[in-house]
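S.K.: Chain by chain, the residues:
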Amino acid sequence: MWRRLPALGVIVASLALLASSCGGDHNELILGATTSVQDSGLLDEIVRSFEGVTDYHVKPSVGGSGEVLEKARRGELDVVMTHSPADEDKFIADGEGLDRRPVMQNFFLVAGPEADPADVRDAVTVSEAFKRISDSRSIFISRGDRSGTNVRELSIWGEAGITPQGQSWYQESSTGQGQNLIVASDKDAYTLVDSSTFTVFEKKVALRALLTDTANPNIYTVIRVASNKHDNVNSAGAIAFAEFVTSPAGQCVIADFGMEEYGKSLFQPVGRCPSANVGG
Amino acid sequence: MDLIWDGVTEALRLIFSGNGYVYEVTFTSLLVSGSATLIALVLGLGIASFLAFRAPPGRTLALSAFNAGMALPPVAVGLLVSIMLWRTGPLGQLHLLYSRTAIVIAQAVIATPVVAALSTAALQGLNPNLRLQVLALGASRWQAALLLFREARLSLLAAGMAGFGAAISEVGATIMVGGNIKGSTRTLTSAIVLEVQQGDFETAIALSFILLAVILGIITVFTMLQQRRPPA
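Each protein sequence line maps, in turn, to chains A and B.
Using the numbering used here, you'd call the opening residue of the first sequence number 1 and step up by one each time.
Using the numbering used here, you'd call the opening residue of the second sequence number 1001 and step up by one each time.
For the record, the hints were derived by calculation from the structure and aren't laboratory data.
Being a predicted model, the structure only gives us computed values, none of them experimental.
Hints are not guaranteed to be accurate.
So, partial list: chain B residues that the calculated Cβ filter (under 10 Å) puts toward chain A [unchecked claim]:
id, residue
1, Arg1087
2, Gly1089
3, Pro1090
4, Leu1097
5, Ile1181
6, Gly1183
7, Ser1184
8, Thr1185
9, Val1196
10, Gln1197
11, Asp1200
12, Arg1228
Built from N, CA and C at the ideal position, the CB exists for glycine as well.
Chain B extracted, bound-state conformation (with noise of 0.2 Å):
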């Protein structure tokens, strides 16, 4: 128990020491989970609005995938990127394994289906005859989608914060397609895993909680945001 508080302040202290490395991998999870996220929201709500308002054949089918997309095992989507971004994959010309972009596209794929999933259900829980009379009313298809994703807005943020959560909190598949390289595909849930490793609980610790206030931080603003009044 001693450890768990002899972490907290070692996080205080490398917080307010301003010590480099601490923000070096908080900038990093910060930007490639952020990224990450924002594929996931754009792919996400694009597939949603495609299931929830075009209803193709087949929809139950698709729906059913991506709601087992969601636990869809990190570990597993880190070994095909990497296959798929191996020098002698399909994808190795591009030189992106264990890089920052290499670790956004594992966690794109392992967001989007989370963003997907509790989207669409949060679009088909509206009233349909909503989108009919809105295009009645002469609305573009576009200006009727960003009106329904406003009218669902409460389930689409809780989508999105669900779909970060996915991102910044993932480890097994950063590793394993960024390599954990410092100074550039370190990020704060490998850098844990690396302390562990070395035996350092201690920062280990530090970096756990540091990495909570963080995920902490942003959802709380997110959630300010989603229980915001709506603009009349």
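Chain A on its own, in the form it takes in the complex (with noise of 0.2 Å):
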């Protein structure tokens, strides 16, 4: 039965051949992208865009901030972005990134139950809001893994001087951005968010916005991968993404992305678009 064995190898070669004719290709640039980024569909937009302004094509590879600066570390990233500034800052500190530019921002915002127990509509900060919901024990649902917005959330209840781990009113979802609003939703409990996302899921959720967070701004910014540490990183196909995003081209899809769907930008672009009608 062996003499048939060449003709079963053919068949199985042709057939892998087959199914990567449509990826596997060289000029491929790996992009290190949030939950957020992409649970908006602002991610799609994006690389859509650049694709059509440039021959790379783009391996978007999706998770939490803490996860794709890991896997930048280990060098299987060309390209991140992310909003987490801490770990950002020891990632360049440590000479794996290199050229960081602010690409846009949105706002964290503590959203609740409309019945608000903790009152933390009255709070005039984020980390007396989440005195009041220490203190009432209300339940709040924490990402809990490490993305930009556990980060977040962590510093401050670093900042409020209080150890929420540990605590029964204070539950770890480990979930994705939107996933995590309506695990907050169910249980009727409070959570931090980013705006982007709590305008895509407003309508799928009953919780309200109760108190945003404009003092500091949940900025998004692009990092090259070192190159001179990884033997692999697509150094020109990462500068030309980092262009592209901060161009008004790029930073005009992000002005744009949201407007058709909710009446306003998901993301604030950092920089002109020279064609936005609202804001710019």
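Reconstruct the complex from the two isolated chains, following the hints.
M.R.: The structure is reproduced here in structure tokens:
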């Protein structure tokens, strides 16, 4: 029966080839992005626009900021778009990343039930709001996954002088941004969320935006992975991507995103979009 | 419950309005899971023939491994295949991560033990004298194997369907090695996960029904094939 083995080999190989004809090219650019960018739908839009003006094929690798930066440290990514300032500082200080450029921003807000048992609405700062949640022992859902949102949340607990871990009212969902909101909504709980994700989910959850942290914008930056540390990094592609998202064309993609469906930009571009009809 | 009904009507609307996105992810699912199943069939039948007919030493141990392999956690397979395909990994130079081929590999790894274990059981269930008799009548090993496959076709087709089911319904490893890229590695299952994450439950349910319909359609064809009267 082994005489026919070569024929079988040819069949298997051609199948593999057929399947790979749509991927596995060498012009690939691996982009590390966070769940909030994918869950809002912006990632697909940025990738589509970028691929329209270059020859690169973008392969997004999506996870929390912690996961994305860790993969970048291993040389698995070419360029990252994250929103976790302290982790990014360390990433750059360690020589793993370079050329950090701000791309866009939104705001963190405390979302919670309409009834607002902890009176978060009357708080002046988010750390005061967190203190009220802790004092009233209201349920708080944390991402608990070292994402940018989770890191910000933990630093707010730090500012408020509270250690929430281990408290019965503090629960970690370990899910993406959108899923986390649904869990919080289901439990009539408070949570910290970025304004873009909240806008997308506003009609689908029974939560209200109670307090927005306008003092500390949530800034998404693009960082190139240091090519001197890893042989495989596509440096030229990373530069092209960083240039594109910060260029007027890229900034307009961001400014326009959400206009049609929600009547406002989901993310505010940090630079100028000449054609934007609102805000710029 | 309304959501389920809305999902069904949305599914029908998506199918009949010729929605390009739905056809694209369905095509991707069928292509990668079909390829993975074919690879699993070739490898699985090879392994099963070897274990059942040759009765190599350590067969029970190998069989235990394949039987346990039917419960291989997809997320662990996804992680291992990812690490192998990482740019810094042993197969990194192939640039296969986040491609359809990567998904085919992961799904083939998941489906092969299913096909191998069930096929071995099927072939072992045949009368052992049958093979000796066929060989004594002058059949080559290859002809004997084909004849025995035909004899066990009911169970072998069931093994193939189980392998296909494991492949097409898989999502954890699929997202991990494929990256859920629109237009390339987004399958029906990974599209469902994304819709859920985006809170678009209606579309998620619609895609779920489409996935179920696709599976039902294909399995029905194979079941009809299986139940057909054997050629005389």
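S.K.: Does each hint hold? Answer for all of them.
M.R.: Hint-by-hint comparison with the structure:
no. : hint    : in the structure
1   : Arg1087 : 4 Å, holds
2   : Gly1089 : 9 Å, holds
3   : Pro1090 : 14 Å, violated
4   : Leu1097 : 8 Å, holds
5   : Ile1181 : 6 Å, holds
6   : Gly1183 : 9 Å, holds
7   : Ser1184 : 6 Å, holds
8   : Thr1185 : 7 Å, holds
9   : Val1196 : 7 Å, holds
10  : Gln1197 : 5 Å, holds
11  : Asp1200 : 8 Å, holds
12  : Arg1228 : 24 Å, violated
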